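> Listed below are the residues making up each chain.
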Amino acid sequence: MNTDQPGAATDKAADRVTGGPATQPMGIRQALREIRKGIVVMWWSFFDWLAAISWKALLLVSFLSLLLAGILRHPTPVFFLIIVSIIIKVIAGGKRRAERIATEATKRAETEQLGRTVLEARMEALQAQIEPHFLFNTLASIDQLIQTDPPRASRMQQSLIRYLRSAMPQMRESRRPSLGQQLDLCGAFLEIMAVRMEGRLQPVVRVPEGLRSAVFPSMMLQTLVENAIKHGLEAKPEGGRLEIGAEVVDGQLLVHVIDTGVGFMPKAEGGVGLANVRERLKVLYNGRAELIITVPPAGGTCATIKVPYEIAPA
Amino acid sequence: MHPVSAPTAVVADDERLMREQIIASLKEAWPELLVVAEASNGHEAVAMVQDLEPDIVFLDISMPGLNGIQAAQALAGRAHVVFVTAHDQYAISAFEHGAVDYLLKPAEAARVALTCQRLRERLKQAPDPMNDLLAQLSQRLGGGVKPREYMRWVQASVGANIRMIPTSDILFFRAEDKYTRVQTQGFEALIRKPIKELIDELDPNEFWQIHRATVVRVDAVEQVSRNFRGKQVVHVKGSTEKLEVSRTFNHLFKQM
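Taken in order, these protein sequences are the chains called A and B. Residue 204 in this note's numbering sits at position 204 of the first sequence, and the numbers go up by one each step. Take any residue in the second sequence, count from 1 to its spot, add 314: that is its number in this note's numbering.
Check each hint, because a few of them may be wrong.
Unchecked claim - Restricting the straight-line Cα-Cα distance to at most 30 Å, the calculated cross-link-like pairs of lysine-lysine (DSS-like) are: (1) Lys107(A) with Lys282(A); (2) Lys230(A) with Lys306(A); (3) Lys551(B) with Lys107(A); (4) Lys236(A) with Lys507(B); (5) Lys507(B) with Lys545(B); (6) Lys556(B) with Lys492(B); (7) Lys551(B) with Lys282(A); (8) Lys306(A) with Lys545(B); (9) Lys306(A) with Lys282(A); (10) Lys56(A) with Lys89(A); (11) Lys556(B) with Lys568(B); (12) Lys556(B) with Lys507(B); (13) Lys282(A) with Lys556(B); (14) Lys507(B) with Lys306(A); (15) Lys551(B) with Lys492(B); (16) Lys89(A) with Lys37(A).
Don't read these hints as lab results, they were simulated from the structure. From a predicted model like this one, the values you see are computed outputs, not experimental measurements.
So here's chain A without its partners, still in its complex pose:
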């Protein structure tokens, strides 16, 4: 076997050398094709080189070539070549620059998009954390109501289902959520908490009907309402009022969540919830939205989300 191979190679070599007249035109055509390919490649690399070098370098090279051509006493073809180069440079340079700008822009857009997606995903993962304490307490309440007041137990369970749906990111339907939707979702949470806390929670919703169609990001109102109850009202033995309000001021939609609870602690670790809302506003609105926390004169806490006022597409 091993000894066969060199023999075969020699045979092929012999074929090539002694190739009969029938194979010769084929060989020429092949060669021509190769040459054409080579010229095309050279032409494009010349084109790219022209596009890429600076005007100064081109002028310098042109001047040197002219000088050389002058010495050789054939300046005319070189002169033409230079003119053609300049024309190509004008056209190719523009095209190249446009291409480069487009590539960069795409890359930047992709990075931004990716950053945004990653951030949104991280945020949603954070948002999706339903507090076990809330869940088990609510289930225990439902359990008790099943014994004593089954219709009410059923209503509370339905509220819990609506709440869970809204708290799970993959279950959020609309891409541009409206304030109305967000209010409905908070409604489910407030219904549950009102059953559990009874007189200690007095929810008030004061949102003009016309503002329900305004665009408002998902899960933010919910975070503010949950915070107000958990840190403000549940911590206060007598409980208090929780008011959701909305207004439009100078083209900005302001949504307030006001509670009469124990008030804000300056040393409190911002809370994942609020930090999350601030971060998401930054990503979604790029500085055109804000979370403002103020202390009302009567005590408690007022959290306001300010976003540009837009009507959600129906």
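Position chain B relative to chain A; hints supplied.
Same frame as chain A, now just chain B:
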């Protein structure tokens, strides 16, 4: 012998439905047990136990006012304690190693029956004040000494409002006459707290004092240059103001 009178209990939980549930399940597991009062917060629970001297107190852990652990500490062995909780990982693991009993909400009949059986045994002895265990629990639940906490929000007047400004929004603090100016990218506010006190409450990893009158948030520093007098000057992102670094704090911006 033992007193013939029925054993008594107080049930404390801030949610009425939860109290009802515990009472209903106790009635089933231990019909003779008499629930003499219901409390809706920690203070009430302590007052009722002191007043009525029941044998047993069921304490929800998360209650306003005093939480369940703090209430148990205040009672210091006046009654046998059973803690009730929906979900407190720390507490549960501590209970499992301690002598104290607990119930999970929603209470399962079998678990309540077991607790009642244990309670019947425990009633033969005086209640254990459980000082060490409670101190440990209290600490785990956030009532005890924690690692140093720094200011995360600054309460300041902005116009007519008192506003809570997250420290991550602040570019720098600057002493101005009797006040300290809080500068953010969008607005400025005044607070009464002097720089000297402020610096103790701020996280040293977040804020640096660069001058007797100036504290800057490290992440907001854009660059440090030298002015015509050769002094270091800090430029802050989002503000045109340049902040001078005094000689004492020069080392902060030493070249690497």
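> Decide, hint by hint, whether the structure agrees.
Hint check results:
About 22 Å separates the Cα atoms of Lys107(A) and Lys282(A), which keeps this hinted pair within 30 Å; it holds. About 23 Å separates the Cα atoms of Lys230(A) and Lys306(A), which keeps this hinted pair within 30 Å; it holds. At roughly 26 Å between alpha-carbon atoms, Lys551(B) and Lys107(A) fall within 30 Å of each other, so this suggested pair holds. A C-alpha spacing of about 28 Å is found between Lys236(A) and Lys507(B), which places the hinted pair at or below 30 Å, so the restraint holds.
Our distance criterion of 30 Å between C-alpha atoms is met by Lys507(B) and Lys545(B), whose separation comes to about 28 Å. A C-alpha spacing of about 21 Å is found between Lys556(B) and Lys492(B), which places the hinted pair at or below 30 Å, so the restraint holds. For the suggested pair Lys551(B) and Lys282(A), the alpha carbons sit about 16 Å apart, so the restraint of at most 30 Å is met. Of the pairs offered as hints, the one joining Lys306(A) and Lys545(B) is violated, with about 41 Å between alpha carbons and a cut-off of 30 Å exceeded.
Distance hint between Lys306(A) and Lys282(A) is fulfilled; the C-alpha atoms sit about 12 Å from each other, no more than 30 Å. For a cut-off of 30 Å, the pair hint linking Lys56(A) to Lys89(A) stands: about 12 Å separates their Cα positions. Using a Cα cut-off of 30 Å, the hinted pair Lys556(B) and Lys568(B) holds, with the two alpha carbons roughly 18 Å apart. Between Lys556(B) and Lys507(B), the direct Cα distance comes to roughly 22 Å. Compliance with the 30 Å bound is thereby established for this hinted pair.
Under the criterion of a C-alpha separation no larger than 30 Å, the hint pairing Lys282(A) with Lys556(B) is consistent with the structure, at around 26 Å. For the suggested pair Lys507(B) and Lys306(A), the alpha carbons sit about 29 Å apart, so the restraint of at most 30 Å is met. Restraint check: the Cα-Cα separation between Lys551(B) and Lys492(B) comes to about 26 Å, which is no more than 30 Å; the hinted pair holds. Restraint check for Lys89(A) and Lys37(A): the C-alpha separation of about 23 Å stays at or below 30 Å, so the hint holds.
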